[in-house]
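K.L.:
Listed here are the chains, written in short residue letters.
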Amino acid sequence: MDQVILSAVVSLGAIGGTAAIILYFVARQFKVIEDPRIDLVDDKLPAANCGGCGYAGCRAFAEALVKTGDLDNLYCPVGGNDLVAEIAPILGVEASEKAPQVAVLRCNGTREHAVPKVNYDGPRSCAWAHSLFAGEAGCPNGCLGLNDCVRSCDFHAMYTDKDTGLPVVVEENCVACGACVDACPRSIIEIRPQGKKSRRIYVTCVNTEKGAPAKKSCQVACIGCGKCVKECPFEAITLQNNLAYIDPHKCKLCRKCAPVCPTGCILELNFPPRKVKPKTGKTPDQKVGKERNTTEDDSKAAESQSAKSQSQNSDNSPKPDDKPGKRASDSDSAPENTEK
Amino acid sequence: MSAGEPIVSFPLPKQGVIPVTQHLGAPAKVLVKRGDTVKTGQLIAQTAGFISANVHSPFTGKVKKVDQTTDASGYKRQAVIIDVDPQEQWEEGIDTSHDLLREITADAKEIVEKIKANGVVGLGGATFPSHVKLMVPEGKDIRYLIINGVECEPYLTNDHRLMLEKADEMMVGIQVLMKGLHVKKAIIGVEANKMDAIKHLKDKASHYEGITVEPLKVKYPQGGEKQLIKALINREVPSGKLPLDVGCVVNNVATAFAVYEAVQKNKPLIDRVLTVTGKKLLKTANLKVRIGTPVSQLLDHVGGLPEDTGKIVSGGPMTGKALTTTEVPVVKGTAGILVMDREEAWKATPRPCIRCAKCTQVCPQGLEPYLLHQYGEMKRTEEAEYDGIMDCIECGSCNYTCPSARPLLEYIRYGKAETGQMIRNRKSN
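Chains as they are written, first to last, in my numbering: chain G, 43 to 382; chain P, 978 to 1406.
This is chain G alone, in the form it adopts within the complex:
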């Protein structure tokens, strides 16, 4: 009996010993040398695997970080600046502050502003609807309201406003990963710097049509008149394809552009109300911003200011594409009585 136990122990022990020796040499021979910092960095990353950094996942991003050590160009939108501060000591580099960013919807085609003229009853997918037709209101660039962006968001940072039919970005949750930007077939959503106290000014329109057709489909469309371009003292606004764009890096948030916009497509977000109160009520249709109070006096004052600034920026002379007076007649054309 003893012998049976002894032989089993000895033989198994011998097999185990030999295997251990083989494994030891194999392990030494085929050792994968991995930077231990990759694991350290990976532990700090949020493990959301959202792809917002441009890499396949958090692990891939950690490898890239350790390999290049470039904290200026590699950025995790989910972790933000706190994460950069944590990772910098591991990599042994200086931490650089990056301005927080947020997704913004560059369309204000609510059901009021862009009145639906046809009914869409196909699949609830922007991608498909975009390939099919221009949209219920007829704007070929505007939001289709079928929520591809909301479905793409991993951070509960988007929902659809039932009254307006437009998606809304929840600023607190948004990590600017860019998933919604990719999901939108019309490139309406843009990642912009969050701004101090979340104050931002941007054009809430992406319609590249000329003034008349743009205004026909949506009251608050950018008509490419170029007034804001002339008004801007910092050359932050450019006009391309009948569409104004405010460069967030050049914009100093002076708020001069918004009052001169004839359609009210420039949105000022989270600013205190303007000081000059309206006297009489012939204001253009400007329901965009929550805190907007524009008057004619205001715009006149702004114009006189712009005259000064214009003399300084003499090369700032874009051509207005359409005159505002022409548009008023176009805007009241009745919607077609046809249904889709």
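Heads up, a few of these hints could be off.
Keeping only pairs whose Cα atoms sit at most 25 angstroms apart, straight-line, the calculated DSS-like set for lysine-lysine is [as the list claims (entries may be wrong)]:
| # | chain 1 | residue 1 | chain 2 | residue 2 |
| --- | --- | --- | --- | --- |
| 1 | P | K1156 | P | K1242 |
| 2 | P | K1181 | P | K1162 |
| 3 | G | K252 | P | K1006 |
| 4 | P | K1041 | G | K252 |
| 5 | P | K1181 | P | K1156 |
| 6 | G | K109 | G | K86 |
| 7 | P | K991 | P | K1010 |
| 8 | G | K204 | P | K1324 |
| 9 | G | K252 | P | K1207 |
| 10 | P | K1156 | P | K1091 |
| 11 | P | K1196 | P | K1207 |
| 12 | G | K252 | P | K1053 |
| 13 | P | K1042 | P | K1006 |
| 14 | G | K252 | P | K1010 |
| 15 | P | K1207 | P | K1242 |
Over 10 angstroms on every C-beta distance to chain P, these chain G residues come out as not near it, computed from the model [unchecked claim]:
| # | residue |
| --- | --- |
| 16 | A62 |
| 17 | D124 |
| 18 | P182 |
| 19 | H291 |
| 20 | K294 |
Calculated directly from the structure, the hints in this document are not laboratory data. Glycine residues also receive a C-beta, built at the ideal position from the N, C-alpha and C atoms.
We have chain G; now place chain P onto it with these hints.
P.N.:
Relative to chain G, chain P alone:
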């Protein structure tokens, strides 16, 4: 429904909008500018690229402008807008008489040239430029010319009427095509629910050499060219191949008629026969309409829109496209205008797939629509290509049969477009 209505020539509109993209392929290049006077049949836009087609002015008048206009989808497309002069002047060299010209003087090369010059495209619905079909590559042996007399969709009767009223011209058109292709045999496939047309065509075909008429079982989608080839000569077009590869060229009866006019009469494709139909319309009609006539005028002709109109569809009920506005012009590919009432246009809310496989049973191409639909939705183009999404003929049978009312065809079409884009990118790289 409208099969008993004879073809009526529709009066000229006051203004015509002629889009330069009426065919499959590259948009034509505009040759006229604002203020130019044009004659009926004058070339106003020229082919740009191999797969492209000429566009001719369907009216006499003045070019109001060359501008972007809204098409049926709501997007902007380039078009020539013409103020129509009711006094018509035809471009020289066009034979506008109604005499039948039987003798074919042009040789094969001239036939192709004339078809190309006169902007003939496939009038069955796909609007593929016809001259490209006739340019058979070296080494391909074409044995049959197949003429599609199967009305491609329910409701439409324009081809049926054309077969009854213009059979002689059509026969000459078929002879022209046969000469252009150097084939000896032509088969006209007609569904057995059009016995009058079959009888009439058989009667006419006996006077012409090499043309036979075959009655076919009534089923949808018999009008797809791959289905038609299978039914008539029992050959299957392999995946990714063309009818050329099984020795066939397929053309529609309306195309045969257009070829007759283009080659024998030198008349460009400036009008077409279309059906205006709908259950609730006061009357239905088969109209010979000039390209560029607004759809709204056609609807006025049949007594205006009924009150409970749900949808206005350009084309047939299965594959047609809903219009967003009636102020769109008739184009070369408009086979019909169908007015659906609310009940017909009603769509059930999609429910989850129950894996009943009804869609795979009905798919005429033997595909798996439920799977392709998901690939389309998820934008998984590589898998979609592997599972044959490009073989889909977009007949809509899967949508029609689905008990869960899933939007199968919509997503397959989307996936097909995405996959096609991927394949083109891969080729160009």
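K.L.:
Evaluate each hint against the coordinates.
P.N.:
Results for each hint:
no.: 1; hint: P/K1156 with P/K1242; verdict: 17 angstroms, holds
no.: 2; hint: P/K1181 with P/K1162; verdict: 16 angstroms, holds
no.: 3; hint: G/K252 with P/K1006; verdict: 22 angstroms, holds
no.: 4; hint: P/K1041 with G/K252; verdict: 19 angstroms, holds
no.: 5; hint: P/K1181 with P/K1156; verdict: 19 angstroms, holds
no.: 6; hint: G/K109 with G/K86; verdict: 16 angstroms, holds
no.: 7; hint: P/K991 with P/K1010; verdict: 19 angstroms, holds
no.: 8; hint: G/K204 with P/K1324; verdict: 22 angstroms, holds
no.: 9; hint: G/K252 with P/K1207; verdict: 51 angstroms, violated
no.: 10; hint: P/K1156 with P/K1091; verdict: 13 angstroms, holds
no.: 11; hint: P/K1196 with P/K1207; verdict: 13 angstroms, holds
no.: 12; hint: G/K252 with P/K1053; verdict: 11 angstroms, holds
no.: 13; hint: P/K1042 with P/K1006; verdict: 15 angstroms, holds
no.: 14; hint: G/K252 with P/K1010; verdict: 20 angstroms, holds
no.: 15; hint: P/K1207 with P/K1242; verdict: 34 angstroms, violated
no.: 16; hint: A62; verdict: 46 angstroms, holds
no.: 17; hint: D124; verdict: 34 angstroms, holds
no.: 18; hint: P182; verdict: 5 angstroms, violated
no.: 19; hint: H291; verdict: 32 angstroms, holds
no.: 20; hint: K294; verdict: 36 angstroms, holds
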